[in-house]
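With the sequence shown counted from 1, adding 128 to any position gets you the numbering used here.
Some hints here could point you the wrong way.
[Stated by the list, open to error] Distance ranges between label pairs, derived from CB positions:
1. G190 with L225: 28 to 34 Å
2. V203 with N290: 41 to 47 Å
3. P191 with E235: 51 to 57 Å
4. P191 with R285: 55 to 61 Å
5. Q185 with L225: 23 to 29 Å
Hints are computed from structural coordinates only; laboratory data are not their basis. Heads up, the beta-carbon is just placed ideally off N, CA and C, and yes, glycines get one too.
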Amino acid sequence: MWADLMVSGIPLAEKAARTVLVYLSVVALLRVVGRRDLAQLNTFDLVVMLLLSNVVQNAIIGPDNSVLGAVFGAVVLLGTNAVLARAAARWNRLGALLEGRPVTLAEDGRYDSRTLARLGLRAADLEMAIKRQGGNRVTDVRSVTLEPGGTLLVRLRPEEENASHGDVAAINARLDRIEAMLTALSSRST
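Could you build the full structure based on these sequences and the hints that come with them?
This is the structure we're talking about:
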């Protein structure tokens with residue numbers, strides 16, 4: 129029993145090679161397919177991601193079902209990810225190659241329909257992001273950008289931005305000064 133649990137069914141070097149090759153292949157596939165899966169996971173996208181993990185599982189583990197093999201594979205997978213993430217952070221060109229560059233989806237209140245179609249995004253996806261950021265419609269935005277990690281970054285036009293606590297405090301301070309000036313003027317006239 130212990131032998132089945134702890135002895136890897138394949139050499140650890142093969143297990144490491146399988147893990148790294150599958151990891152790099154999936155990263156490349158996701159890069160080619162685009163960021164839609166990362167930007168807005170809908171039900172269909174979630175199903176694809178779950179099935180993708182199941183499809184590549186056998187390529188990683190091979191005929192090995194041991195605990196040691198699973199732990200070793202997990203260590204190699206996490207290690208490979210950590211090395212690539214640090215390398216991408218250190219070298220901008222590698223980061224752009226692996227993760228891509230930001231893509232503008234809307235600018236000056238208008239959608240870029242060709243870019244949306246190329247990425248497989250719908251205007252409704254952007255409208256939802258705009259509403260979460262305090263806008264009502266695309267005409268309220270200065271720009272909407274799809275970041276390399278799949279995040280939608282919405283920049284509202286200045287007149288559409290919500291007031292911050294600092295803005296409200298500054299207005300209250302001005303009102304207090306105006307009120308003090310009015311009080312001073314009214315006390316002079318009486």
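Results for each hint:
Checked against the hint of 28 to 34 Å, the pair G190 and L225 passes, with Cβ atoms roughly 29 Å apart. In this structure the supplied range 41 to 47 Å holds for V203 paired with N290, their Cβ-Cβ distance being about 46 Å. Taking the beta carbon of each, P191 and E235 are about 53 Å apart, inside 51 to 57 Å as hinted. Between P191 and R285 the CB atoms are about 59 Å apart, so this pair conforms to the stated range of 55 to 61 Å.
The supplied range of 23 to 29 Å is met by Q185 and L225, whose beta-carbon atoms lie about 27 Å from each other.
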